[in-house]
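Number of protein chains: 2
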Amino acid sequence: MKSYLKMSKNELSAEIERLRKKYKKYQGLELKLDMSRGKPCLEQLDLSMGMMDALNSEADLSCEDGTDCRNYGVLEGIHEARVLIGDMMENNPDNILIYGNSSLNVMYDQIARSYIQGVMGNTPWCKLDKVKWLCPVPGYDRHFAITEYFGIEMIPVPMSKKGPDMDMIEDLVAKDESIKGIWCVPKYSNPQGYSYNDETVRRFARLKPAAKDFRIYWDNAYGVHHLYDDHQDYLIEILAECKRAGNPDLVYKFSSTSKITFPGSGIAAIATSPNNLEDIREQLRQQTIGHDKVNQLRHVRFFGDIHGMVEHMRKHADVIRPKFEAVETIFRENLEGLDIAEWTEPNGGYFISFNSLKGTAKKIVDKANKAGVKLTPAGSTWPYHKDPNDNNIRIAPTYPTLDDLKTAASLFTVCVKLVCAKVIFENFEEYHIEEASDAKTQETSDTK
Amino acid sequence: MKSYLKMSKNELSAEIERLRKKYKKYQGLELKLDMSRGKPCLEQLDLSMGMMDALNSEADLSCEDGTDCRNYGVLEGIHEARVLIGDMMENNPDNILIYGNSSLNVMYDQIARSYIQGVMGNTPWCKLDKVKWLCPVPGYDRHFAITEYFGIEMIPVPMSKKGPDMDMIEDLVAKDESIKGIWCVPKYSNPQGYSYNDETVRRFARLKPAAKDFRIYWDNAYGVHHLYDDHQDYLIEILAECKRAGNPDLVYKFSSTSKITFPGSGIAAIATSPNNLEDIREQLRQQTIGHDKVNQLRHVRFFGDIHGMVEHMRKHADVIRPKFEAVETIFRENLEGLDIAEWTEPNGGYFISFNSLKGTAKKIVDKANKAGVKLTPAGSTWPYHKDPNDNNIRIAPTYPTLDDLKTAASLFTVCVKLVCAKVIFENFEEYHIEEASDAKTQETSDTK
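The listed protein sequences derive, respectively, from chains A and B. Using the numbering used here, you'd call the opening residue of the first sequence number 8 and step up by one each time. Using the numbering used here, you'd call the opening residue of the second sequence number 8 and step up by one each time.
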């Protein structure tokens with residue numbers, strides 16, 4: 008396909024006309040499709056129905072150590088659940104604290120306690136004039152919403168395929184004591200699907216923050232969420248690396264079974280150092296007597312062990328891999344060579360990150376919405392919903408059926424092309440300045 | 008039985024000797040009994056095993072409105088659960104927000120949000136120099152632990168059979184803007200088992216607090232936890248009464264199914280006005296995507312409706328009523344007429360409140376512990392664990408078997424008698440001053 012940047016105004020005009028007709032056709036279909044959130048689809052949910060039989064009225068709801076899961080107590084979670092989730096998170100069960108149904112809530116709580124009481128005896132954040140936070144971008148909107156809620160000033164840090172910009176992070180945390188944390192989705196990141204490389208993890212574990220109460224919020228949401236058997240991303244385990252680096256208390260790690268069993272009815276957990284765990288437990292015991300142990304036991308009985316969970320995740324992959332591939336194929340077929348977009352092709356996780364031309368993301372999302380395809384609002388992947396380039400869009404391919412997804416992705420590419428073609432047409436000179444000046448430079452060097 | 012206050016020193020000395028021997032015998036039994044917490048017993052837990060069959064792998068986990076309980080969403084809880092819990096709490100489903108597994112956590116969260124963000128636009132409590140709280144005493148230790156955690160100054164308010172001292176409350180909240188809340192367990196109170204009378208509830212609904220962000224924390228934990236079919240306590244419904252009084256936003260009401268199904272695996276809820284609910288929802292959506300809907304559905308399918316729950320509670324009553332009656336009988340048989348103790352005999356709830364002589368509660372609890380019977384630590388029923396009279400002990404009769412409970416209660420009365428007899432013996436003059444001065448007064452008046 009011919010690059011939109013190499014088309015003449017006449018060619019662009021004709022292209023816009025063709026695309027408008029196509030778009031009209033889609034509008035006529037009265038679609039109602041949703042690619043906005045990382046939600047499992049029906050087939051995926053059906054995979055966990057067996058969990059509903061894991062406990063019945065004849066079952067013994069006692070743990071291996073005799074604890075009756077039906078009664079009060081066991082703040083840190085039942086031992087066998089800590090073993091299972093420990094294997095899932097690649098941590099020792101002793102470093103695990105099992106929570107309720109939502110890892111987002113665990114992260115919120117962690118910040119709330121730091122705000123109310125402070126981290127390990129440090130000044131509570133509510134008593135400080137300013138608290139700042141590092142936010143790799145594009146990133147996860149619900150992370151940013153939590154720090155925004157607490158009035159924490161968010162500083163964007165650019166992401167690359169290797170992870171966030173470590174030079175910038177090392178520099179900022181070393182010199183600014185008001186920086187108290189960073190949001191990380193280190194594996195199959197939201198929204199790019201990138202996994203931090205070894206160097207990045209090593210450097211994270213060796214950070215020298217000015218603030219004693221600085222913590223890395225390591226949201227390993229997609230640790231076992233591979234799309235492929237044969238090419239999977241591996242991540243250095245951060246707790247172990249921090250311990251080796253002499254910084255055992257530097258990180259809080261989060262995970263849950265939300266996208267393994269049932270979102271909202273899974274179990275969430277934090278993994279961290281013994282010091283951090285003690286600090287958390289002492290506060291958590293004011294908050295609750297304990298989380299849902301019956302549901303913890305249900306998960307343990309359903310999976311048996313980590314191998315059971317891994318096999319279960321292969322079934323998830325079988326359902327959603329074709330969806331990722333379909334979107335990537337449609338993007339390639341419709342957008343490759345046009346010089347208006349790039350996108351990620353991850354090995355796992357729940358999202359594809361899509362970048363179009365500067366100033367087009369909102370228009371594209373809006374256009375798709377108007378034709379019945381709901382996308383994550385443009386800007387969501389940035390703190391305060393402010394994408395300075397207005398060019399990043401998060402694609403969530405899991406929820407629609409494969410057929411619906413193909414329709415949605417095709418329509419999406421029409422919207423991208425239409426919006427971009429118009430923007431280039433309307434700003435033709437601007438888009439061709441570089442070319443012109445390139446040519447000029449060429450000329451100049453030629454004359455030399 | 009002869010009052011200890013009417014015994015001579017010799018009689019007391021002989022009594023102490025008898026009691027010491029009895030106590031020794033109990034020590035020889037090497038008991039390991041627990042009357043410390045309001046925990047359901049095995050038989051009670053067994054009553055809810057049917058709930059484990061309410062959902063199985065063949066079940067349709069959809070709500071009446073089509074919502075798939077297995078996926079993300081529905082922050083306020085599924086409609087049918089709000090209907091069931093609404094019936095349980097005597098509130099309109101529209102006023103209900105279903106939470107996770109712990110009403111304690113709901114209360115903690117409510118204070119945390121007030122502390123972090125403030126109530127309905129008022130100054131966040133973390134920005135105030137001083138926040139105070141009213142605490143009817145004796146009361147619930149976990150309530151007091153939450154307010155202590157937030158550094159809130161707790162002011163004890165005396166309880167009577169009618170409820171807390173309303174004159175004092177009306178006076179304090181009207182003149183002190185730093186008082187932001189009050190802990191109430193209005194029905195079958197913890198630990199007395201008292202239920203607030205109509206006048207008390209009416210006066211609560213008509214409070215005129217100086218602080219706009221003052222709220223009544225109405226923990227109706229034992230709303231359907233009757234011991235008897237024929238004599239049950241009734242409580243005026245506080246939300247409706249507040250609305251009638253023109254104070255619709257004055258109260259947050261809390262409840263859960265912890266002592267109905269499984270503690271830790273039940274569902275908790277808040278009921279409050281539309282204004283308060285909006286304030287809560289706006290903040291809660293930063294905290295979580297939603298609570299465990301599958302467990303909500305499980306509860307709904309198990310009970311069917313409120314009548315099902317009420318019938319279920321009759322079975323609970325049948326299990327624990329004999330326990331309350333056994334304790335009360337043993338107390339009467341062993342302590343009545345001795346002038347050293349009084350206790351409550353509630354119609355519902357989970358506790359009996361026991362008052363002994365001033366300065367004896369710690370000693371009694373300690374003595375019982377040393378003979379293998381664990382009691383709630385003395386002082387726990389007061390803010391900061393400081394019972395100024397050191398005379399209140401909370402008795403939790405539900406958890407031990409009936410036989411064990413009888414042994415524990417009998418031993419307990421031996422401890423009470425032994426400690427009190429010694430205290431009277433050692434402070435004989437003090438305990439008889441009143442009598443002497445009564446006699447003196449008598450003499451004086453005689454001479455007139």
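Hints in this document: simulated from the structure, not taken from any laboratory. One thing to keep in mind: the hints can contain errors.
Each pair may be met inside one copy or between any two copies, as identical chains are not told apart.
[Claimed, not checked] In silico DSS-like pairs for lysine-lysine, Cα to Cα no more than 30 Å straight-line: (1) Lys39 <-> Lys182; (2) Lys429 <-> Lys139; (3) Lys168 <-> Lys370; (4) Lys369 <-> Lys215; (5) Lys134 <-> Lys182; (6) Lys134 <-> Lys39; (7) Lys429 <-> Lys250; (8) Lys28 <-> Lys9; (9) Lys219 <-> Lys365; (10) Lys377 <-> Lys182.
Each hint tested on the structure:
With identical chains, the CA atoms of Lys39 and Lys182 are never at most 30 Å apart, being 50 Å at best within one copy and 57 Å at best between copies. Taking the closest pair of Cα atoms, Lys429 and Lys139 never come within 30 Å of each other, the shortest separation being 39 Å inside a single copy and 62 Å across copies. In this homomeric assembly, Lys168 and Lys370 come within 30 Å of each other (Cα to Cα) only inside a single copy, at 27 Å, whereas the closest approach across copies is 66 Å. Taking CA atoms no more than 30 Å apart as the test, Lys369 paired with Lys215 passes in neither setting, with 39 Å inside one copy and 50 Å between copies.
Proximity of Lys134 and Lys182 under a CA criterion of 30 Å is satisfied in both settings, with 21 Å inside one chain copy and 28 Å between copies. Taking CA atoms no more than 30 Å apart as the test, Lys134 paired with Lys39 passes in neither setting, with 48 Å inside one copy and 46 Å between copies. In this assembly of identical chains, Lys429 and Lys250 lie within 30 Å of each other by CA distance neither inside one copy nor across copies; the values are 54 Å within and 57 Å between. For the homomeric pair Lys28 and Lys9, the shortest alpha-carbon distance inside one copy (20 Å) is at most 30 Å, but the shortest distance between copies (102 Å) is not.
Proximity of Lys219 and Lys365 under a CA criterion of 30 Å is satisfied in neither setting, with 39 Å inside one chain copy and 48 Å between copies. In this assembly of identical chains, Lys377 and Lys182 lie within 30 Å of each other by CA distance neither inside one copy nor across copies; the values are 47 Å within and 57 Å between.
The earlier numbered hints that this structure contradicts are 1, 2, 4, 6, 7, 9, 10.
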